[in-house]
Each structure stands twice: as C-alpha cells, then as structure tokens.
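Visitor: Residue numbers (this note's numbering), protein chains in the order written: chain A, 9 to 212; chain B, 29 to 311.
No lab work stands behind these hints: they were computed from the structure. Treat the numbers as computed from the prediction; the structure is a model and nothing was measured. Where hints are given, some of them may not hold.
[What the hints assert, rightly or not] Derived lysine-lysine pairs resembling DSBU-like cross-links, with alpha carbons at most 35 Å apart: (1) 178/A to 268/B; (2) 174/B to 211/A; (3) 253/B to 211/A; (4) 38/A to 253/B; (5) 268/B to 75/A; (6) 88/A to 60/A.
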Amino acid sequence: MKFNSFLKISGFLMLFVTLALHAGVNVGEKAPAFTALTSQGKSLSLSDFKGKIVVLEWMNVGCPFIKKHYDSGNMQKLQKEYTKKGIIWLSVASSGPGKQGYLTQETAVEQNLLKEASPTALLLDANGDLGHLYGARTTPHMFIINKDGNIAYNGAIDDIRSTDVNDVPKATNYVSQALDELLAGKAVSVSATQPYGCSVKYKD
Amino acid sequence: MLNRNYLTNLLIYLLFVNFACSESMSGPDVRIITETTTLLPGMPFLVGIHFKLPEHGHIYWQNPGNSGLPTEIQWTLPEGFKAGPLLWPYPQRFEAPDDVTYGYKNEVMLMCEITPPPNLQSGQTIQIGASVKWMFCAESCIPGEKDLILEMRMENADKKEDKQRSILFDHWKNQLPITSEKLNVFADLQDHEIHLIVLPRTGSINIENLFVFPQDENIIDPNEKEIVTKHKNGILVRLKLSPYLQHSLQRFRGVLVMDLNGFTKQTVEAFSIDTLLNNKQGE
C-alpha cells in the first residue's frame, strides 16, 4: 500500500513537472502522454492507442472558425473518412467553466454542431490541462501523432484563414494531406503551420 | 416657455435617442469618409474607414497575434485611380490566458491614400467603394462585413464640414507609426530570439510601457512577452521567435510604441521599424 502511494505521489509530481515545462510540442518530439475523460464519462489514455495514428482536434462549438468547418460538413467528413482507415480522432474541448464552448457530459450531447460528428471520442478538458500540455492556441488547432508516438503535424487545419464556408473546398487541407502521406508511408510534407481560429478559452 | 407638450416631446425624444444609441448588438459601426471633399486631378487624398466599436472587445491589426483575423479592406476605384497601402494606426496589446492579440478597441480609423488620375475631368462624380471585413472578439468572436460607397465631386464642401473631418483625420494620422531618424535600430538573431537594439540620437528611452508589435505574422511568438532592458542610452528588446517559423529570416518589421517622457511633445509615439537582421553595429 505504501509503495502504491509512493508511486501515485511521484507520478503526480512527474505529471506536474511535465505540465510546468511544456509550452507546447514540436514536430518530431514524443507526443506527451495524457489521460482524459470523454463526453461519455470514460477514461482514455494516449497509451491506449499505441501503434496508431492519432489526430487531436481542438474545438469550441461557439467559435465561428469551428462553425465554418462543421457547417460545411468538412470536419465530420474528415472524422468519418479517417476513422474508417483506423485513425484515432480525438476532439478536445478545453474551454473553461462559464466560457464559450464549455462542455460537460450533459451539455455535450445537446450540441447541434456535434450531431453529425464522429470522432473516436470527444475529450472534456475544462481544466485546460490537455490544452496546455500540447500548447493548443486556437480553435481549430490540429495535432497529428504518428505510429511511433511522435508529433507529425502541429498547426492549422488548412491554408485559408477565414470564417467563410466557401473557402473550405478551395483550401489545401493540411490534416488530410498529412494523414494521406502517413498512411502511404511517406514523410509529411507540411508539418508545422501557424494555427488560426478563436483563442482557446482557457479558464482564468 | 416650457409647456406640457414640449416636455412630453422632449421626453419621447430622449427615450428614442437613448434607445437608438444603446450598444449595438450587431457589432461595430463602420463608415467611409474622406479627408477632403475636394477632388483634383492627380492630387492624392486620404480615405478613412472609421470603426466605432462596442464597449468590450476589439478588432485586429494587420498581424492579429495569437488568434483572430486581420481587418481587411478591398477598394473598388474608378478608372485611373490608384490606392496606396492600408495605413494602420499603432495597435494595442490584448491579453487573455494563453492568448495575446494585437488590435483596436473603442474606435479606430484605418486609412488609405487614393490618387486620382492627372486627366480627371471636371464635373465628374466618382464613387469609391470599400468592402470591409473584420472579426470582433470579446468573450466570443463575431465576424462582420460591410460594403461602403462614397461619392465625390470636383467641388468644395462648406468649411464647417471640413473642420470636423480635419479633426478626425489629424487624430488618426497622429496614431500612424513614423519613420524617425531620431532612432537607430540594429537587429540580430540569437538563440531563437530577435535582439533589437534601439538607440536614440539624443536623450534616452523610457523602458516602461514600451511595446514592440511585429508586423509580419509567424515570426515572433505573440504569447511570449518581449523582454526590454536598458542598453547604453537606449534599449535592448528580446523577441522570442514563433514555434511555427519555417524559413530563414532576413529582416524584421514592426512598430515600436513608447511613452516619450519628454522625447517629443506627444506622450506616446509609434515608430516604424524595418531592419535587416545580423546588423550588430549597436553592440
């Protein structure tokens, strides 16, 4: 029992130190480990998906940049297409309590925006721990972790910064581009771009 | 002489005015205005896009910072007319948890110099169109757009109208960053940072309330506050590079805003910086 307590305490301290040091993740670095709660109330860890490609999608149901990708059906299409190919897609809501885009288990199911969404899971990160761990700056902000557990992409969803749904088909989608390259065993051609969107509404 | 009718009318008027002037839920009030109503062949004039913003929230500078969208203006001009670059008054920093952005609150006027052709015919009425797009963010973000049209004729307006225009334009022209020979700027790259050395020709620089706004996106990390220290009779500003910077840097462009404290007659002045990197002469 004492040893378990020791492990728990040192584990907690290590996590704390990890959080304190990380100001974000760089392409090529090991993706930071995490455990989070889904909108279904289940606990999920990055280690559950060892050997798989994982997408992290920071989102906020009220943000006009997010609405562009959901109203156009673009995000849902990407989620469906790539989860079918065995990719793990995790949507993350890091808005703090009382802030725009704040979600709980109860309110998550009510969101019209998410009705057609099909990520592997929606992670509820109201404390902002996961957001800070990865350095999520905007919604959307996309991260891709490759099969080796390293960051393969960090940045914008596509190359047209706007809230206009008409720009979605015109844009180069960096996420589908990178995922297609990873699935074909190729190097990711564009691995880091400046993300655009609303700020992540972290708790104060 | 006050009578009941007058008081009733006054009350109704005041209620109406109060209602009409209450904060617009639909976002900024935007209008187009020229510095002069006189149109002369080949004579440049300033056009302003004037924003009056709701109390809480802001719109964005050409580099919006960590999030948001730069304010955008597309001009539609008659044949032969030319538009210069968009002129941005110096911005402000807005800080939220993990989100530093650059922009304007309450009110701002973006400007542009328009030059008519030398062969402009007298008696012509011309139209200047501006398609304006912005992102207004407070707790939430609301995109907005407006198409504005202004007509101009080659004739003078009455002097009273001109005075109001000059006051407005003088105010916002004074907020434009200036290029000054009073300052020598040197810059180099060291350890994922740009080091800017700013030395005044005379006097010294107050390091309090000093800000550097990078003009180009994706160069400097907006979420990392610049570190300003005294250096000789000037300052050293250390700016952290953006983690998304993917190319090699040749130059740094930005706006330096500082409290003058006797530097000139104004209290705040904004200087335009445009310098090649690895120019270490200031050390």
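Visitor: Checked against the structure, which of the hints given earlier come out wrong?
Guide: Every hint satisfied by this model.
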